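Taken in order, these protein sequences are the chains called P and L. FYI, the numbering for the first sequence is 1 to 276, going by the working numbering. FYI, the numbering for the second sequence is 1001 to 1173, going by the working numbering.
Some hints here could point you the wrong way.
[Unchecked claim] Computed list of lysine-lysine pairs in DSS-like fashion (alpha-carbon distance at most 25 Å, straight line):
| hint | chain 1 | residue 1 | chain 2 | residue 2 |
| --- | --- | --- | --- | --- |
| 1 | P | Lys179 | L | Lys1085 |
| 2 | L | Lys1074 | P | Lys95 |
| 3 | L | Lys1085 | P | Lys170 |
These are calculated hints, taken from the structure and not from any lab test. Since we're looking at a predicted model, the values are computed, not measured.
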Amino acid sequence: MKPLKLLSAAVLAGATLMSMQVNAHRAWILPDVTVLSGEEPVVAFDAAVSNEIFNFDHFALNVKSVRITAPDGSMVEPENAAKARYRSTFDLTLKQEGTYRVFIASQGLRARWEKSDGKRGSYPGRGEDYTQEGFDKNVPKNAKNLKVSQYSRRLETFVTAGEPSDNANKVTGQGFEMKPVTHPTDLYVGEDATFQFLIDGKPAKGAKVTLIREGSRYRNDQEAIELTTSRQGNIQIDWPAPGRYFLEAEYKDDDAKKPATERTGSYVGVFEVLPD
Amino acid sequence: MLPGKKCLLVLAASVLASQASATELRIGIELPDLKVAEYHKPYVAIWLENKDTRAVTNLDVWYDADMADNEGNKWLKDMRQWWRKSGRSLDMPVDGITSATRGPGQYDLSFRSNQARLADLPAGNYQLRVEAAREVGGRELLSIPFQWPVDGSFSATANGSKELGDVVLSIQP
Chain P
1 MKPLKLLSAA
11 VLAGATLMSM
21 QVNAHRAWIL
31 PDVTVLSGEE
41 PVVAFDAAVS
51 NEIFNFDHFA
61 LNVKSVRITA
71 PDGSMVEPEN
81 AAKARYRSTF
91 DLTLKQEGTY
101 RVFIASQGLR
111 ARWEKSDGKR
121 GSYPGRGEDY
131 TQEGFDKNVP
141 KNAKNLKVSQ
151 YSRRLETFVT
161 AGEPSDNANK
171 VTGQGFEMKP
181 VTHPTDLYVG
191 EDATFQFLID
201 GKPAKGAKVT
211 LIREGSRYRN
221 DQEAIELTTS
231 RQGNIQIDWP
241 APGRYFLEAE
251 YKDDDAKKPA
261 TERTGSYVGV
271 FEVLPD
Chain L
1001 MLPGKKCLLV
1011 LAASVLASQA
1021 SATELRIGIE
1031 LPDLKVAEYH
1041 KPYVAIWLEN
1051 KDTRAVTNLD
1061 VWYDADMADN
1071 EGNKWLKDMR
1081 QWWRKSGRSL
1091 DMPVDGITSA
1101 TRGPGQYDLS
1111 FRSNQARLAD
1121 LPAGNYQLRV
1131 EAAREVGGRE
1141 LLSIPFQWPV
1151 DGSFSATANG
1161 SKELGDVVLS
1171 IQP
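Isolated chain P (complex conformation) (with noise of 0.2 Å):
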């Protein structure tokens, strides 16, 4: 019975996930340190979906989805990966020196229609990743309030060894993607940072911004951090404290590519911020 169980729970996962916007759940890769220094050091990575920040409450990621890019731009692969109830972890030898962006990335298309039956129909279904394909077979084009929407998913931290390096700010000029302007492992408590963001490669005004610092157990408040990104698609923030952050960035328009008619993205990363 063992496969069948992790099964499901990777399928649970991967629906929780899709549905973060809703439940409130938050999905995050976390690194356990992004400054290195060294020979070849290692990062431990927890992935997980948790309420807290950064507890490990709800359920673990799937480390199958995790890709990293090397400073040169290379692939590699996460090292000692395992998963427990709520959490995954792996690892990450840092053997080029720079920096490493890890992360888990999708789009695609979203339909929603209502059945002859009344009731309702989605693609993609439960656990189920989006296909050109999968979409043109399972979708109904003439259902009745059939409603398609472009969306782009996207969690992700980044390490450094050694100097940061420039690939933090490559983009890839699809979907829903944060730019940073100041490096994501170069941040202090008392210097501002500033992380564009991007829709399609083009400046995304009017996405909600949120940052949560660790350690939120141990608070009354959340402190949560509030922002809207500027007609630039740029964030200003003031750390208020060191720690490593939880940022969630949620965005919508109506800029859409037929047969979809609204566009969405989400966008998670984890940032280390140390004292001065």
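With chain P held as given, fit chain L onto it using these hints.
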């Protein structure tokens, strides 16, 4: 042999003369004797920072340079400001700058304006910065602002509270 010896003497005399006219920058650093269950000698970085250009002139860095497989480099980042401002762009160890860690005590360092490190130091507003980080212990950063070059003698002290004792900077033109 005589001409050679004479030459050497002339050289020695000129070195002495230039040393006499060179400004001396003296730094006194106190590493306190901490009563803790587990004590490791701290990593210490001592540098000059130009307040306008942010350029860093490293004077001394004390760390575990001689551990096998450069294991000691792993903790260099704990001197956070130094790591950010200089360390992360250096190839450790650095000749004439890095040396072994030191235990509790009083250390006096002396640098002359005609020595390599200070000879190229542009005039400006500076800070002497001393940062100490100790394994399973704390971290402390002290700063002493000063002008370079000096008109007359200059002396200032910064008082550490935990990882560093008093740090004294004195400059004699």
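Open item on the list: Run the distance test for Lys179(P) versus Lys1085(L): straight-line Cα separation, threshold 25 Å.
Closed with: holds, 23 Å
Task: Straight-line alpha-carbon gap Lys1085(L) to Lys170(P), limit 25 Å - done: holds, 24 Å
Open item on the list: Checking one constraint from the list: CA of Lys1074(L) to CA of Lys95(P), max 25 Å. Satisfied?
Closed with: holds, 14 Å
Of the numbered hints given earlier, the model fails none.
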